[in-house]
Amino acid sequence: MNPKVLGIALSDISTGLIFYPDDEALTFPTVISKKKNEDAWVVGEEAYALALDGKGIITDKLLKLTRKNGIATIDGTRYKGRDILKLFFKEIIQVGMEKLYKEKPEEVVIALAGLDQNIMRDIREAFVGLGYQPNHIHIISKEESFIYFVLSLKKDI
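According to my numbering, the sequence shown is numbered sequentially starting from 2.
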């Protein structure tokens with residue numbers, strides 16, 4: 002069955018990815034690495050491995066970098082935090098589709114702690130840039146996500 006919703010639980014430490022209605026999820030460390038002298042990026046454990054081999058330049062704390070309107074110089078090029086976050090989203094979605102599915106869901110729900118207007122705008126713009134319709138992008142707090150989870154549980158008395 003093709004997934005209907007892509008759920009992303011985002012933090013500076015790890016990122017969870019689930020293609021609803023399936024139960025199978027992937028978890029990535031929230032890091033991205035650019036291959037040296039190439040326009041290729043990898044995420045998660047593969048990013049760590051690339052950096053340890055000296056073949057990549059790693060960037061972590063992507064939310065913090067984005068929230069601070071930070072800039073990272075990677076392989077001689079300056080990237081805004083929000084642009085690196087967009088690259089991270091692109092890569093984790095691609096990896097998820099390769100491992101679990103062949104098609105991209107139309108809806109995306111991103112849950113994170115510490116919502117503010119600026120980070121919501123940056124995340125929304127990233128997903129619009131990845132081809133999602135603005136009205137199909139939902140950004141919620143981790144607390145709201147937990148409430149939805151609890152309400153979705155079967156009531157066993």
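FYI, nobody ran anything at the bench for these hints, they're computed from the structure.
Possibly wrong hints are sitting among the right ones.
Stated by the list, open to error - Pairs of lysine to aspartate or glutamate residues, derived as EDC-like cross-links and limited to a Cα-Cα distance of at most 16 angstroms, are as follows:
no., residue 1, residue 2
1, 65, 123
2, 5, 92
3, 100, 47
4, 91, 40
5, 65, 99
6, 5, 104
7, 56, 84
8, 37, 25
9, 65, 13
10, 36, 54
11, 36, 13
12, 56, 40
13, 105, 84
14, 100, 23
15, 69, 117
16, 37, 23
17, 143, 39
18, 36, 76
19, 91, 117
20, 65, 84
21, 5, 123
22, 81, 61
23, 36, 46
24, 69, 40
25, 81, 47
26, 62, 40
27, 81, 123
28, 105, 13
Stated by the list, open to error - Derived CB-CB ranges, DEER-like:
no., residue 1, residue 2, range
29, 155, 37, 14 to 20 angstroms
30, 76, 104, 21 to 27 angstroms
31, 3, 155, 32 to 38 angstroms
32, 156, 38, 54 to 60 angstroms
33, 38, 134, 32 to 38 angstroms
34, 135, 25, 35 to 41 angstroms
35, 115, 76, 27 to 33 angstroms
36, 122, 40, 25 to 31 angstroms
For each residue, glycine too, the CB sits at the ideal point set by N, CA and C.
Enumerate the violated hints, using their earlier numbering and listing them in ascending order. 2, 5, 7, 8, 11, 13, 16, 17, 19, 21, 24, 25, 26, 28, 29, 30, 31, 34
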